[in-house]
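Chemist: For the record, the sequence lines run as chains P and L. Taking our numbering, I'd label the letters of the first sequence as residues 1 to 111. Taking our numbering, I'd label the letters of the second sequence as residues 1 to 118.
Hints listed in this document are in silico derivations from the structure and should not be mistaken for laboratory results. Mixed in with the good hints, there may be bad ones.
Unchecked claim - The calculated EDC-like cross-link candidates involving lysine to aspartate or glutamate, where the alpha carbons are at most 16 Å apart (straight line), are: (1) P:K42 - L:D111; (2) L:K55 - P:D97; (3) P:K98 - L:E59; (4) P:K42 - P:E83; (5) L:K14 - L:D111.
As the list claims (entries may be wrong) - Partner residues aside, some chain L positions facing chain P, computed with beta carbon under 8 Å: (6) Q29; (7) G103; (8) F109.
Said to hold, decoys possible - Some chain L residues well away from chain P (every beta-carbon gap over 12 Å; in silico): (9) V11; (10) I12; (11) S15; (12) T17; (13) D27; (14) F34; (15) D65; (16) D111.
Yeah, the Cβ is synthetic: ideal placement off N, Cα and C, and Gly gets one too.
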Amino acid sequence: ILNVEQSPQSLHVQEGDSTNFTCSFPSSNFYALHWYRWETAKSPEALFVMTLNGDEKKKGRISATLNTKEGYSYLYIKGSQPEDSATYLCASQTSYDKVIFGPGTSLSVIP
Amino acid sequence: GAVVSQHPSWVICKSGTSVKIECRSLDFQATTMFWYRQFPKQSLMLMATSNEGSKATYEQGVEKDKFLINHASLTLSTLTVTSAHPEDSSFYICSARARGRGGIQPQHFGDGTRLSIL
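Sequences are here, hints too, so could you generate the full structure?
Modeler: Pasting the structure below:
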C-alpha cells in the first residue's frame, strides 16, 4: 500500500449503535499513526497518536487499535451519539516531518 | 490549550492578485508548521512543511515560487499564493506542532481558508 486508505468512505448509524472503521497505511517506514475528528465548520481535532504495534488507546467511548506489521488501524465508537457525527481522518507519519492523510470516513449518527 | 488561529477564513479576489494567509499558534511554540490543500471530496494534501528559522520543505509537484512559505517565528507561519489564478482556488489549512517527542505529537489545526480566484 503506497497511500493511506480509509474505509468505508461514509457511514450512517442509528444513535446507540457501535461502529468501527479502518485505516490502512504503508507498513514500511512506520513512524506513527494519527487519528483526527473533523466536525463541520470546525478544525480537525486530534484524537490519538499511536506508535507501538498492538497498542490500544481509549478516549471516552472512542478507542483505536494499531497493527504496524500489517499496516492497519481500527477506530471504534461505542454507543454512537449525534455529536459523534464528523469525518474521521487517519494519518500515517513516516518520518519526523512526513505525515500523509487518508481521505477520511464520514460518520452520520441518526437520532 | 493548543489553539491555532488562521486567517483570513475566506478570500475572494481577482486573477493575478497575491494572497497571504497567516497561521498563528496562540498558546504554544510551534517549531513545525504544515500547510495543506484540500480539493473537493478529497483528502488533505500536504503542500509543505516548515520549521522555524529554516526554509520550507515542499512536496513534489508544489511550486515553491507559487506558494511562498515563511516561518519567521515560533508562533507565525505565512503562505503567500503569488499571482493567483482560478486553478489555485481551493481550501487551504495549516497546522502547528510543538517541539519534542521526536516529532510524534498531534498537529493542531487552524480553521482553514477558502480561496476563490475570479
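Chemist: Which numbered conditions among the earlier hints are violated in the structure presented, ordered from lowest to highest?
Modeler: 5, 6, 14, 16
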